[in-house]
Structures are given as structure tokens and as C-alpha cells.
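*Asks:* Listed below are the residues making up each chain.
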Amino acid sequence: MLDLHGYGPSIMKGAVVTVELALLSLLLAVVLGLIGASSKLSGNRGLYAGATAYTTLIRGVPDLVMMLLLYYGGQVLVNKLSDFLYYQFDIDWFLQFDPFISGVLTIGLIFGAYMTETFRGAFLAVDSGQIEAGKAYGFTRWHTFRRIMFPQMLRHALPGVGNNWQVLLKTTALVSIIGLTDMVRVAEQASKAEHAPFKYFVPVAVVYLLLTAGSELFIRWVNSRVSVGVVKGD
Amino acid sequence: MPDFIIQWLNTHDVFTATTMLHYWDGLVTTVQLVFLSLLIGLILSVPLAILRTVRNPFVSGPVWLYTYIFRGTPLLIQLYIIYYGIAQIEGIQETFWWTIFKDPFYPALLAFVLNTAAYTTEIIRGALEATPHGEVEAAKAYGMSWFMRTRRIILPSAARRALQAYSNEVIFMLHASAIASVVTIVDLTGAARDIYSRFYAPFDAFIAVALMYMALTFTIIFVFRQLEKRMLRHLKPLS
Chain L
1 MLDLHGYGPS IMKGAVVTVE LALLSLLLAV VLGLIGASSK LSGNRGLYAG
51 ATAYTTLIRG VPDLVMMLLL YYGGQVLVNK LSDFLYYQFD IDWFLQFDPF
101 ISGVLTIGLI FGAYMTETFR GAFLAVDSGQ IEAGKAYGFT RWHTFRRIMF
151 PQMLRHALPG VGNNWQVLLK TTALVSIIGL TDMVRVAEQA SKAEHAPFKY
201 FVPVAVVYLL LTAGSELFIR WVNSRVSVGV VKGD
Chain P
1 MPDFIIQWLN THDVFTATTM LHYWDGLVTT VQLVFLSLLI GLILSVPLAI
51 LRTVRNPFVS GPVWLYTYIF RGTPLLIQLY IIYYGIAQIE GIQETFWWTI
101 FKDPFYPALL AFVLNTAAYT TEIIRGALEA TPHGEVEAAK AYGMSWFMRT
151 RRIILPSAAR RALQAYSNEV IFMLHASAIA SVVTIVDLTG AARDIYSRFY
201 APFDAFIAVA LMYMALTFTI IFVFRQLEKR MLRHLKPLS
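Protein chains in written order, with this note's numbering: chain L, 1 to 234; chain P, 1 to 239.
The set of hints was computed from the structure by calculation and includes no laboratory data. Only a predicted model underlies this, so the values are computations on that prediction, with no experimental measurement involved. Positions of the beta carbon are idealized from the N, C-alpha and C atoms, including for glycine. It is possible that some hints are incorrect.
[To be verified] Straight-line C-alpha distance at most 30 angstroms; calculated DSS-like pairs for lysine-lysine: (1) P:140 to L:199; (2) L:192 to L:170; (3) L:13 to L:135; (4) L:199 to L:170; (5) L:199 to L:80; (6) P:102 to L:170; (7) P:229 to L:192; (8) L:199 to L:13; (9) P:229 to P:102.
[Unchecked claim] To spell it out: a stretch of chain P is covered by chain L in this simulated footprint if at least three of its residues, at any positions, have a beta carbon under 8 angstroms from a beta carbon of chain L; those stretches are: (10) 76-84; (11) 98-106; (12) 204-213.
Put together the whole structure using the sequences plus the hints.
*Replies:* Okay, here's the thing in C-alpha cells:
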């Protein structure tokens, strides 16, 4: 069997951290993406400009730079806010901006921008007759969104969301750079201590490969389920 | 330098002439690293993509495996394996390869080349497989050999279809190159990290570098838009 010199359990623990980080970031990204897509399609100029600025900004800046900015800068901001609250209102509040929180915030923020574009395209792919039908039934805007647009949009969004998820999963490796003890960091420390890079990085790479391959199968399965009523070859 | 810039630099604590030079060195390294990896990656990926479309699984299988592994794992891991791994190869420190690979630039370049070649191979394969069959038939009807129709008909046609996806890959590579700073390369991000730790000024250091990356990104987008205008002119609607 593979001999990892006792590092096996900590690599496993790191893998759990990676998955947690990825799932939480995905949740944040989907929420931001829905807000962003709704703002872009709302017809309100201010909201549209805001969402466009957000997606443009994210596309221009590398994920690592964003992460470093949030990790180091976020702590400075929190410290200032904490000082302010203490001296002005005597409130003793402090938040340690740890790597996990910074990682979730950064990855969620970045993929929220990509999700915005995915959801926007998916909303536009829903037949406009459906919205008119909703109106004809006297649905409110929110009702039309929740009962008609959202369920039908999901099918169109799924391939894009799946792609974003695959990229997101691989982006989580970056959080090891700001000190999160995920499996990449454990492997790095182990390989430095033991002078055996292949022995620790290759298993981690295999875990990533299993995660991406597994998600691929899962997405394919979900896709076949949500497209049950769709005639192929249209 | 114009006087007003010098004056501004003199009054600012973080952005002095020294740090600006440091950023400039970082910019040069980033551009070199990204440009070279994209160039070599593109040259490798065209034959690989052609092999990938061959029906014989013994030919296309290994290429598929290569792209699957490199696209299924994070670039950071690939970089670590190559950067730390090369030094561990028995006896490499006595050969001439060591004079090249002891500089972190080259292991990073190798990792980036292998990664971008994998993604680009799949982009080109997609474009090759989408070639309208009529184009191939027309080339055959003209009596073109396999080599000639690949060179004159299939590859140029696929290049047009691949352009959009490739521009995304170029931007992805620029952004991914930021991780070169973790193996002690002073690229743009590396310069920002140095300046951050010298002055403990996260906002100045990282926002400045973010703006530089944005400028690079939008330049790339602009260049590709011009290229699309030229290469896809025949698809433009009339008037």
C-alpha cells in the first residue's frame, strides 16, 4: 500500500477542507450570480451598470491577486472597523479574517461574476411567450420569476454552471497560498519535510482528478434528468 | 519621466521610483512568461489536436489522457510537481539541464506550456470536428492530398471557429500566471507581494497590480476583437 509516512490522514482532512471550501464558494457564487443576472435583466440602468462593472472588474483581475487583496486588505479594514466601534461606541467586536473565510469570499465573488453571465444567458433562453402567459394569468413579477422563469432557466443554466464548478474546484488550490491547510498545503509541507515531491503531490492530483471526474458524471446525470421532457435534435 | 510624475512619486510613500521599477521588472517577467507559454503551447497543440481526432484509439487515446489529466488537476499542483520534482531527478544536478532548470522561470514555463497546450488541444479539436463536411469533400474533389487539404482548408477554417475560445484561454493564462510568484519568481504579483511586505500597504500594492492586470486583459480583448473582425469578415451581415 501507499506509504505516506503518516501524512495520509492529514491529506484526507485537507481534502475535506477543499470540498467544504468549494461547496460554500459555489453557494455564494450562485446567489451572487442570480442577483447579478437579475440586475442585468431588470431594465434598471443603475442596476445594469453596477452588475456590468462587477463582471468587468472580476474578468480583468487574476484570482490570486484578488485573494491576496481580500486576505491582507480585509484584515486591515476589519481592524479599522473594530477600532472605530470600540472607541466610538464601546463595542468590543473583532473578526479574524482567516484564510478559509477569505477563500470563500474571493472564490464566491469571482465565480459570482461568471455565474452572472451563465444565468443571464439562461434567462434569455426561456421563451418570452412563457412570461406573457404568466402575465396573462395575472401573476406578479416575483411570481412569474419563481414559478415560471426560474425552473425553466435551470435547464439552460446547467451546462454553464457545471463548467464553472469544474473551474472553481481547481481554483480552490490557490487558497493554500494564503495559508489554508487544505490538501495542497499538507502535500507541500510533507514533500518539503520528506524531500519527496512526487509521493505527496501525485496522490493530491489524483484526488482532484477523481473530484472533477465525479462531478462530470454527476452533472451529466442531473442534465439527463432535467432534460427528460426535451426532444433532442431540435 | 515628466516632472509631474516625479513630483508625485516624491510625495508618495509607497509608489516611489524604486517600487515602480520593481513593478516594471515584474511586468516584463509576466509578459515574457505568458507570451512564451502561449506560443510554445499553441505550436504543440496543433499536431496534438490532429492526432486527437484520429479514429485509431492507440493514437488518440494517449493525447486524450494527457489533456484529461492536465485539465482535471489544478495548475498549482502541476507547477509544484515540476518545480520540486525536477530537482529530485537523480543526477540532474550534474547535467547541463540543471543550469537551465535551477532558475525557477523554466520549470514554471514548462508547467504553463503543458497546461495551456492541453486546453488549446481540446479547443482546436472541437473546432476541427465542427468542420462542415462539404468543405472536406470540396477539397477532395479538387484532388488535394491529405496534407494539402489540412493545411489549406481544414486548419484555417478551424482557426476561425477556435478564435473566440482561444481568446478566453489567453486571458485565463495571463491570470493563471500570477501563481508563478509562489515559486519565487518576481512577476507582477510577486512584485506586489514584495511591496506589500515592505510597506504593509495591502491596498496600494495589490490594487495597483490589479489595475495593471486589467490593462493587460483589456489589451488582449481588444487585439482579439480586431483579429475576429479580420478573420470573420466574410460572416459579417451586409451593411
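*Asks:* Indicate, hint by hint, whether the structure satisfies it.
*Replies:* Hints, verified against the model:
no., hint, verdict
1, P:140 to L:199, "violated (52 angstroms)"
2, L:192 to L:170, "holds (22 angstroms)"
3, L:13 to L:135, "violated (51 angstroms)"
4, L:199 to L:170, "holds (20 angstroms)"
5, L:199 to L:80, "violated (44 angstroms)"
6, P:102 to L:170, "holds (27 angstroms)"
7, P:229 to L:192, "violated (50 angstroms)"
8, L:199 to L:13, "holds (17 angstroms)"
9, P:229 to P:102, "violated (43 angstroms)"
10, 76-84, "holds (count 6)"
11, 98-106, "violated (count 0)"
12, 204-213, "holds (count 5)"
Checked against the numbered hints given earlier, the structure breaks hints 1, 3, 5, 7, 9, 11 and satisfies all the rest.
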